[in-house]
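Q: Here are the chains, one letter per residue:
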Amino acid sequence: MTQFSLTEDQLARQGSFRGFVDREVAPLADRHDREQRVDRELVDLLAKEGMLASQIPAELGGRGLDAVSYALLHEEMGRGCSSVRSLLTVHDMVTETVRRFGGPQLRQRWLPQLLSGQALGSFALTEPDTGSDAAALTTRAEPAPDGDGFHLTGVKRWITFGQLADVFLVFARTPRGVSAFLVERDRPGIVVRPVPDMLGTRGSMLAEVELDGCRIPRANLVGGQGRAHPFVVTHALTLGRLSVACGSVGIVRAALDEATSYATARGTLRHQLVQRMIADMVVAGRAGRMLALRAGESIWARSPGAPMAATEAKYFCSRAAADAARDAVQVMGAAGCAPGAPTARLYRDAKVMEIIEGSHEISQSMIGMFRHRDGSLAHG
Amino acid sequence: MSVAVVASIEDIREQARAYLASSLGQPVSDHLDVFAAGLANSLFAAQLVLFVEDRFAVTVEDDELEIASFASVDAVTAFVAGKTGVGGGH
Numbered sequence: 557m558t559q560f561s562l563t564e565d566q567l568a569r570q571g572s573f574r575g576f577v578d579r580e581v582a583p584l585a586d587r588h589d590r591e592q593r594v595d596r597e598l599v600d601l602l603a604k605e606g607m608l609a610s611q612i613p614a615e616l617g618g619r620g621l622d623a624v625s626y627a628l629l630h631e632e633m634g635r636g637c638s639s640v641r642s643l644l645t646v647h648d649m650v651t652e653t654v655r656r657f658g659g660p661q662l663r664q665r666w667l668p669q670l671l672s673g674q675a676l677g678s679f680a681l682t683e684p685d686t687g688s689d690a691a692a693l694t695t696r697a698e699p700a701p702d703g704d705g706f707h708l709t710g711v712k713r714w715i716t717f718g719q720l721a722d723v724f725l726v727f728a729r730t731p732r733g734v735s736a737f738l739v740e741r742d743r744p745g746i747v748v749r750p751v752p753d754m755l756g757t758r759g760s761m762l763a764e765v766e767l768d769g770c771r772i773p774r775a776n777l778v779g780g781q782g783r784a785h786p787f788v789v790t791h792a793l794t795l796g797r798l799s800v801a802c803g804s805v806g807i808v809r810a811a812l813d814e815a816t817s818y819a820t821a822r823g824t825l826r827h828q829l830v831q832r833m834i835a836d837m838v839v840a841g842r843a844g845r846m847l848a849l850r851a852g853e854s855i856w857a858r859s860p861g862a863p864m865a866a867t868e869a870k871y872f873c874s875r876a877a878a879d880a881a882r883d884a885v886q887v888m889g890a891a892g893c894a895p896g897a898p899t900a901r902l903y904r905d906a907k908v909m910e911i912i913e914g915s916h917e918i919s920q921s922m923i924g925m926f927r928h929r930d931g932s933l934a935h936g
Numbered sequence: 090m091s092v093a094v095v096a097s098i099e100d101i102r103e104q105a106r107a108y109l110a111s112s113l114g115q116p117v118s119d120h121l122d123v124f125a126a127g128l129a130n131s132l133f134a135a136q137l138v139l140f141v142e143d144r145f146a147v148t149v150e151d152d153e154l155e156i157a158s159f160a161s162v163d164a165v166t167a168f169v170a171g172k173t174g175v176g177g178g179h
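Chains A and B are the protein sequences, given in the same order. If you count the first sequence from 1, position 203 lands on 759 in the working numbering, and the numbers rise without skipping. If you count the second sequence from 1, position 25 lands on 114 in the working numbering, and the numbers rise without skipping.
If you are wondering where the hints come from, they were derived from the structure by calculation, not from laboratory data. Some hints could be false.
Covered stretches of chain A (in silico footprint by chain B; criterion: 3 or more residues with CB under 8 angstroms from a CB of chain B, positions within the stretch not fixed) [unchecked claim]:
| # | stretch |
| --- | --- |
| 1 | 780-793 |
| 2 | 886-895 |
| 3 | 912-926 |
Incomplete in silico selection of chain A near chain B, CB under 8 angstroms [as the list claims (entries may be wrong)]:
| # | residue |
| --- | --- |
| 4 | F657 |
| 5 | S859 |
| 6 | P860 |
| 7 | R882 |
A quick note: this is a predicted structure, and the numbers were derived from the prediction, not measured. Cβ atoms here follow ideal geometry from the backbone N, Cα and C, with glycine treated the same way.
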């Protein structure tokens, strides 16, 4: 059951996250956008604050945030800087995959590094010709002739924080189906190239990762051979969609803040057409947060409905973010389009939310084809 | 969702049948591969694993994550029966 108010602990955490983002992240957002990078020092700071892979339980060395607190963290981060939020998203997806599907040795080796920020993880699913359709990916993992491990060959593109990552979770096709591998950046046979000048989340340091016969030991296989699609991919993307949904709510809030302070200063808030745009932002933000919290609770409860709840939340929230950012620019007119205007960045970042972790069209297809059948809207 | 009381293989079958029918919006014959038939997608496969773990209080191990184990009422029934050690109820 989705809760409608925060506990004292959650309120305290929200205040702490908000303060951190206001001090350490939001002031850098325009620089991240302009310079198309995030400093490694910020990654270290996020780790020190327990914000990397904060969903990992305490008994495994993580912070063990509850679903609501996790959602609040990602919302605040999305409000401050979508590029930094995307860093959390992909790193958390990799770490969560190691936690859920990695064997004891893999977990023992990698979880401490991923939680401490010593190793930054990057999720390498997307390919130039197949996008993020795991069923169609073409990167190959050929068994090594000596039987110990695989040789990976293929190209991954638009890999978030690929420029900065220390380890990639690479999805590749073995003779037994799609499999997931942890691939250290310094292995021979990997070339990482920056993919600059994207429309939005320009600080997220996208990369192309070319694998040319890169040898990976069998120990780096995450989950069973051939089991990555759909199980590993869906598990990781479900958490990623929650993060993007929450970050999108953060964008709505940032857009609302910009639009209202400008309209108040200019005296345009008295116009009903401006009020309409502000009202849409407020209501969409609240509705989106409820959907995101509901998805978070489903994921933490390991509810069967979790993957779809996350898809629904991501679909609604990313659309709300795009609408809110567009309206914020509209409220501000030319000032909202100016170089360095936060609204211009929000507008570009929000568009990206409609594409990553499953495009609008993928979400619509999933929800439209399957969700109407189960009576879930009638039953909650 | 509460954990089901599983006394027999028919209990498991009934639970699986009911879940698939309600999720897919239509009754499905026990042997029908819902993925091959285009009634379900990859997201639903992950959902089914969570359903099995949740409803029958079992843990699906990594090496058991075979889509074939979750593709039909018959497959889910056999999988859960194997995990729980429940035999036939007739």
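Q: Now tell me if each hint is right for this structure.
A: Quick rundown of the hints versus the structure:
With 8 residues having a Cβ less than 8 angstroms from any Cβ of chain B, the stretch 780-793 of chain A passes the three-residue criterion, so the hint holds. Closer than 8 angstroms: that is the beta-carbon criterion, and the stretch 886-895 of chain A has 0 residues meeting it against chain B, so the requirement of 3 is violated. Chain B is given as covering the stretch 912-926 of chain A, and this holds because 3 residues of the stretch bring a CB closer than 8 angstroms to a CB of that chain, at least three being needed. With its C-beta approaching chain B no nearer than about 6 angstroms, A/F657 sits inside the 8 angstroms limit, and its interface hint holds.
Residue-level restraint check for A/S859 holds (minimum Cβ-Cβ distance to chain B is 7 angstroms; threshold 8 angstroms). Taking 8 angstroms as the C-beta cut-off, the interface hint given for A/P860 holds, the closest approach to chain B being about 4 angstroms. Hint on A/R882 is violated. Least Cβ distance to chain B is approximately 29 angstroms, over the 8 angstroms limit.
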